[in-house]
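Undergrad: Here's the letter readout for the chains.
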Amino acid sequence: MSPDKLIYMANQIARFFHSQPEQEAAAGVAEHINKFWEPRMRTQLFEMTDADNEGFDPLVISALSEIRRPEVQQ
Amino acid sequence: MSNVRQKDYGTPASRAEATVTLTVDGREITVPAGTSVMRASAEAGVGIPKLCATDMVDAFGSCRLCLVEIDGRRGTSASCTTPVEAGMVVHTQTDRLKKLRKGVMELYISDHPLDCLTCAANGDCELQDMAGAVGLRDVRYGYKGENHVFARDNSGETNPRFMPKDESNPYFTYDPSKCIVCSRCVRACEEVQGTFALTIENRGFASRVSPSMHETFLSSECVSCGACVQACPTATLQEKSVIEIGTPEHAVVTTCAYCGVGCSFQAEMRGEEVVRMVPWKDGKANRGHSCVKGRFAWGYATHKDRILNPMIREKTSDPWREVSWEEALAYTAKEFRRIQHQYGRTAVGGITSSRCTNEETYLVQKLVRAGFRNNNVDTCARVCHSPTGYGLGKAFGTSAGTQDFDSVEHTDVVIVIGANPTDGHPVFASRLKKRLRQGAKLVVIDPRRTDLVKSPHIKAAHHLALKPGTNVAVLTALAHAIVDEAIFDESFIRERCDWSEFEDWASFVSEERHSPEATESYTGVPAGELRAAARLFATGGNGAIYYGLGVTEHSQGSTAVMALANLAMATGNIGRPGVGVNPLRGQNNVQGSCDMGSFPHELPGYRHISGGETREIFEKLWGVELDNEPGLRIPNMLDAAVDGTFRGIYIQGEDILQSDPDTKHVAAGLDAMECVVVHDLFLNETANYAHVFLPGSTFLEKDGTFTNAERRINRVRKVMTPKNGYADWEVTLKLAQALGLDWNYSHPSEIMAEIAATTPSFGKVTYEYLDKMGSVQWPCNEAHPEGSPIMHVDGFVRGKGKFIRTEYVATDEKTGPRFPLLLTTGRILSQYNVGAQTRRTANVAWHEEDLLEIHPHDAEQRGIVEGDLVRLASRSGETSLRAKITDRVSPGVVYTTFHHPDTQANVVTTDYTDWATNCPEYKVTAVQVSPANGPTGWQRDYDEQARQSRRIEAVEPAE
Ligand code: SF4
Ligand code: SF4
Ligand code: SF4
Ligand code: FES
Numbered sequence: 001m002s003p004d005k006l007i008y009m010a011n012q013i014a015r016f017f018h019s020q021p022e023q024e025a026a027a028g029v030a031e032h033i034n035k036f037w038e039p040r041m042r043t044q045l046f047e048m049t050d051a052d053n054e055g056f057d058p059l060v061i062s063a064l065s066e067i068r069r070p071e072v073q074q
Numbered sequence: 001m002s003n004v005r006q007k008d009y010g011t012p013a014s015r016a017e018a019t020v021t022l023t024v025d026g027r028e029i030t031v032p033a034g035t036s037v038m039r040a041s042a043e044a045g046v047g048i049p050k051l052c053a054t055d056m057v058d059a060f061g062s063c064r065l066c067l068v069e070i071d072g073r074r075g076t077s078a079s080c081t082t083p084v085e086a087g088m089v090v091h092t093q094t095d096r097l098k099k100l101r102k103g104v105m106e107l108y109i110s111d112h113p114l115d116c117l118t119c120a121a122n123g124d125c126e127l128q129d130m131a132g133a134v135g136l137r138d139v140r141y142g143y144k145g146e147n148h149v150f151a152r153d154n155s156g157e158t159n160p161r162f163m164p165k166d167e168s169n170p171y172f173t174y175d176p177s178k179c180i181v182c183s184r185c186v187r188a189c190e191e192v193q194g195t196f197a198l199t200i201e202n203r204g205f206a207s208r209v210s211p212s213m214h215e216t217f218l219s220s221e222c223v224s225c226g227a228c229v230q231a232c233p234t235a236t237l238q239e240k241s242v243i244e245i246g247t248p249e250h251a252v253v254t255t256c257a258y259c260g261v262g263c264s265f266q267a268e269m270r271g272e273e274v275v276r277m278v279p280w281k282d283g284k285a286n287r288g289h290s291c292v293k294g295r296f297a298w299g300y301a302t303h304k305d306r307i308l309n310p311m312i313r314e315k316t317s318d319p320w321r322e323v324s325w326e327e328a329l330a331y332t333a334k335e336f337r338r339i340q341h342q343y344g345r346t347a348v349g350g351i352t353s354s355r356c357t358n359e360e361t362y363l364v365q366k367l368v369r370a371g372f373r374n375n376n377v378d379t380c381a382r383v384c385h386s387p388t389g390y391g392l393g394k395a396f397g398t399s400a401g402t403q404d405f406d407s408v409e410h411t412d413v414v415i416v417i418g419a420n421p422t423d424g425h426p427v428f429a430s431r432l433k434k435r436l437r438q439g440a441k442l443v444v445i446d447p448r449r450t451d452l453v454k455s456p457h458i459k460a461a462h463h464l465a466l467k468p469g470t471n472v473a474v475l476t477a478l479a480h481a482i483v484d485e486a487i488f489d490e491s492f493i494r495e496r497c498d499w500s501e502f503e504d505w506a507s508f509v510s511e512e513r514h515s516p517e518a519t520e521s522y523t524g525v526p527a528g529e530l531r532a533a534a535r536l537f538a539t540g541g542n543g544a545i546y547y548g549l550g551v552t553e554h555s556q557g558s559t560a561v562m563a564l565a566n567l568a569m570a571t572g573n574i575g576r577p578g579v580g581v582n583p584l585r586g587q588n589n590v591q592g593s594c595d596m597g598s599f600p601h602e603l604p605g606y607r608h609i610s611g612g613e614t615r616e617i618f619e620k621l622w623g624v625e626l627d628n629e630p631g632l633r634i635p636n637m638l639d640a641a642v643d644g645t646f647r648g649i650y651i652q653g654e655d656i657l658q659s660d661p662d663t664k665h666v667a668a669g670l671d672a673m674e675c676v677v678v679h680d681l682f683l684n685e686t687a688n689y690a691h692v693f694l695p696g697s698t699f700l701e702k703d704g705t706f707t708n709a710e711r712r713i714n715r716v717r718k719v720m721t722p723k724n725g726y727a728d729w730e731v732t733l734k735l736a737q738a739l740g741l742d743w744n745y746s747h748p749s750e751i752m753a754e755i756a757a758t759t760p761s762f763g764k765v766t767y768e769y770l771d772k773m774g775s776v777q778w779p780c781n782e783a784h785p786e787g788s789p790i791m792h793v794d795g796f797v798r799g800k801g802k803f804i805r806t807e808y809v810a811t812d813e814k815t816g817p818r819f820p821l822l823l824t825t826g827r828i829l830s831q832y833n834v835g836a837q838t839r840r841t842a843n844v845a846w847h848e849e850d851l852l853e854i855h856p857h858d859a860e861q862r863g864i865v866e867g868d869l870v871r872l873a874s875r876s877g878e879t880s881l882r883a884k885i886t887d888r889v890s891p892g893v894v895y896t897t898f899h900h901p902d903t904q905a906n907v908v909t910t911d912y913t914d915w916a917t918n919c920p921e922y923k924v925t926a927v928q929v930s931p932a933n934g935p936t937g938w939q940r941d942y943d944e945q946a947r948q949s950r951r952i953e954a955v956e957p958a959e
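From first to last, the protein sequence lines stand for chains Z and F. Per the UniProt record's numbering: the first sequence ends with 74, consecutive numbering throughout. Per the UniProt record's numbering: the second sequence ends with 959, consecutive numbering throughout.
In case anyone wonders, no lab produced these hints; they're calculated from the structure. Some hints could be false.
Straight line, CA to CA, 30 Å or less: simulated DSSO-like cross-link-like pairs of lysine-lysine [unchecked claim]:
| # | chain 1 | residue 1 | chain 2 | residue 2 |
| --- | --- | --- | --- | --- |
| 1 | F | K884 | F | K454 |
| 2 | F | K441 | F | K764 |
| 3 | F | K459 | F | K884 |
| 4 | F | K7 | F | K467 |
| 5 | F | K664 | Z | K35 |
| 6 | F | K165 | F | K98 |
| 7 | F | K620 | F | K334 |
| 8 | Z | K35 | F | K441 |
| 9 | F | K664 | F | K718 |
| 10 | F | K281 | F | K718 |
| 11 | F | K394 | F | K98 |
| 12 | F | K7 | F | K718 |
| 13 | F | K394 | Z | K5 |
| 14 | F | K315 | F | K772 |
| 15 | F | K814 | Z | K5 |
| 16 | F | K394 | F | K334 |
| 17 | F | K718 | Z | K5 |
| 18 | F | K240 | F | K718 |
| 19 | F | K7 | Z | K35 |
| 20 | F | K884 | F | K664 |
| 21 | F | K7 | F | K98 |
| 22 | F | K394 | Z | K35 |
| 23 | F | K454 | F | K441 |
| 24 | Z | K35 | F | K281 |
| 25 | F | K315 | F | K281 |
| 26 | Z | K5 | F | K467 |
| 27 | F | K281 | F | K441 |
Cβ-Cβ distance ranges computed for the label pairs, FRET-style [stated by the list, open to error]:
| # | chain 1 | residue 1 | chain 2 | residue 2 | range |
| --- | --- | --- | --- | --- | --- |
| 28 | Z | D4 | F | H303 | 17 to 25 Å |
| 29 | F | G439 | Z | I61 | 49 to 57 Å |
| 30 | Z | E24 | F | H341 | 39 to 47 Å |
Where a beta carbon is used, it is the ideal one built from N, C-alpha and C, also for glycine.
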């Protein structure tokens, strides 16, 4: 999907978790993305953040370490 | 006939627990206190003659045919209005009674036509039955006197009393000449339906039934629910289908395939022809009531537009070519295998249907997971109630409504938010209105003044007419008021929830910025009114919340659902009759399709695909290894299609092109695919982009189950052979076999057995058990053998109820100079969803086209008058439709429905979605409205494209 749309979706999730208790926020974002994002979307997320973090909510960035990196697509 | 007509006990059942024993004609019988003598007799097997009584409505006592003698009482008593007493001795047949009854009948018959042999109700008429029952043999008064029967008297003078037949309603006729003025219809319209469309005009001999102010049925307030027709003992109110076909000879109990109320019906048949559908009194969702859709709008099943032969084409620009089932299925299987080989295992997927049965849905998701070996399966619930699943799952631990519909009878305060039940869930609305007439209080939270806000004998205590898109702000403000005024239920919270989570939440909602005063400026809801509503809900007794798509279809849909759960927990309104959080589900089997594992991240029973133990259950049974990663959701599939990584889709019974937002994006996605398989009744809009069309079957043509909004599993029973050759489950089965899967089911009951074996909440569900119980509500297993009418009774499914902070985030869909108005969408009573079925019935009499509701102020500014064709434009696109000027919508807000493809309201909706579930934000779009002089370019192009792609190649006649 378009990079803008992916950033938008990730940031929308982050926006919800911003209001949650601080210690749960990053883990919440990571859990949500792990649970609902198909590997293609997570692959694209990492492709983009590996290049640079521009546009992403900082909470998404701090959640990255807990988001599962999909195995290389067949 | 006796096997068709449902038993009528004369008066409604009493709910009392105490019992009373009496004797009727020498038979001893024990009944609940408050039962009428008539009903007690009926239960003892004694049928007392009656005309004005029916167990649909309260007794009225006007016909005096039901008289009985009671030992120790002087004179005679009307058995329908006399309650039983302990030790009563009742005689139903004495010389005196016989004489009295004959006299009564004689009077009735003297003003009734004697054309029984050619009357549509012949054999199904209570007047006829009673004449027989009392032994009426002649009528002394003759037929010459004053009457309502003949248009002219013998000398040819017109008879002023005579009223001609009213045939205006497409489904039933009103023939005043046959009316016995028993008022059953009037009472049914009031008590059962709650519309108050009928009155008895004039008095004495002159009295006659009249819709509204002496109008025709069609132009009156009547919503064509059919309750009066069912109540009428004569042919006065009669289904046109019975007039045309004759009386039914057998009946089968089945479930309506329209909305999430899931009404039970008796399909009354003559051979394989449906004569009529009559609501089934023992149906636990509807209790003998129905709406116009289920009762009358089943004609689509035999509509000429139905496609009965499979068709294929290589390119969507080609005309369709009719082929055999074998060829269509082999072609599909080959294409899917080719695509997977070429583009990878995850390049294909499927969409399950919330109109199909649980069994059919289960098979489609199984086909995707076990056959395609990925999890790219989704369902239309994505675009309606996916936030319910997410929000309630987080808060309570299970993704479904907490109550049964009966629960509303115990409710004291009702919040209805983002739902328009009188149109969307009519039978539930009738039950709700009944409770409101008994004195329960109502709070409506909706941008539009829905019918519930004010209708005959109903008035909402508070209508919070919020700006579209501000649900979360309003709900958090309600919570603010409750915490602020310390009217939360501390003992409930301490016992059932985590107190420290509550404290965290309470301090969050208490922040000044969430107060009604602070939010008023952008929600548009006056703070005083909001606080009063909060007080009423928190302190007014049993509080129940009912909500619909106006809550879920927002960028904060999931957050709003959590906010509702918070409110219910904070006020202690969970876990008993009369309370709860209740989603009103759109389509008949949305609940079931979610239960059956239609979501890409979940196996049946809401178990995440990453769970090894759950996967193992299915892997063992299906003999394949399952993908442990979540699959693509519908919007993701479309994005992936445009990216070229998703190329083939099997869509059962959904019209995503018309029902999903941002039509252009959907069209682009479908257009990019190489094999789109549409399995449906009609060439729907999505089929314009399809390569394979597999004809579907209707609910009348298959066995299975639907699960309604109260988690009730209802049986669907086959009453006719599928016109297309196969029930939908057989088509999926054959497709699986064509793909080389070793599937063998010979009946849907075997699929249910597999569901029960793999899904704990369905553990005890079998067809035999459903036949025995009528229906059950899941969870239904060893722990809950009778099913679960109410959930979270002793504790939440997840343990402790979870309070979650709900921060309001304004949608990014904002008004501005170019698009200054907010569009919100909804539905109306006579049409269903995208209208594919209802548009193919006489229901179009009520809704020929989608209209745009606009406030007089906004209309005037734009020079728009009632009925003008207007152009409705947003950032995504534009369409044109006619304007309806009304102050039901506030200034700044416009409203339309989405039942007609010509309008394509979704051309204007955007692709913003709920943050958690990608449920589209249908309910808020910034738009501009201006006068138009014809269809928009898009509408013309679309029409042309649709016409082109619907061509079917003429088949050479066989030699
Ligand atoms: S069809 Fe329903 S709404 Fe219409 S008059 Fe009869 S009971 Fe009332
Ligand atoms: S229309 Fe039927 S139900 Fe109504 S008063 Fe006449 S006979 Fe009775
Ligand atoms: S559409 Fe809904 S309310 Fe109407 S009859 Fe069917 S299930 Fe009942
Ligand atoms: S049935 Fe009792 S008075 Fe009519």
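Undergrad: Next step is simple, just say for each hint if it's right about the structure.
TA: Each hint tested on the structure:
no. : hint                        : in the structure
1   : F:K884 to F:K454            : 20 Å, holds
2   : F:K441 to F:K764            : 38 Å, violated
3   : F:K459 to F:K884            : 24 Å, holds
4   : F:K7 to F:K467              : 49 Å, violated
5   : F:K664 to Z:K35             : 29 Å, holds
6   : F:K165 to F:K98             : 34 Å, violated
7   : F:K620 to F:K334            : 27 Å, holds
8   : Z:K35 to F:K441             : 41 Å, violated
9   : F:K664 to F:K718            : 38 Å, violated
10  : F:K281 to F:K718            : 20 Å, holds
11  : F:K394 to F:K98             : 67 Å, violated
12  : F:K7 to F:K718              : 23 Å, holds
13  : F:K394 to Z:K5              : 26 Å, holds
14  : F:K315 to F:K772            : 50 Å, violated
15  : F:K814 to Z:K5              : 18 Å, holds
16  : F:K394 to F:K334            : 42 Å, violated
17  : F:K718 to Z:K5              : 46 Å, violated
18  : F:K240 to F:K718            : 23 Å, holds
19  : F:K7 to Z:K35               : 52 Å, violated
20  : F:K884 to F:K664            : 27 Å, holds
21  : F:K7 to F:K98               : 24 Å, holds
22  : F:K394 to Z:K35             : 13 Å, holds
23  : F:K454 to F:K441            : 13 Å, holds
24  : Z:K35 to F:K281             : 44 Å, violated
25  : F:K315 to F:K281            : 51 Å, violated
26  : Z:K5 to F:K467              : 26 Å, holds
27  : F:K281 to F:K441            : 28 Å, holds
28  : Z:D4 to F:H303: 17 to 25 Å  : 44 Å, violated
29  : F:G439 to Z:I61: 49 to 57 Å : 56 Å, holds
30  : Z:E24 to F:H341: 39 to 47 Å : 44 Å, holds
Hints 2, 4, 6, 8, 9, 11, 14, 16, 17, 19, 24, 25, 28 from the list above are not met by this structure, while the remaining hints are.
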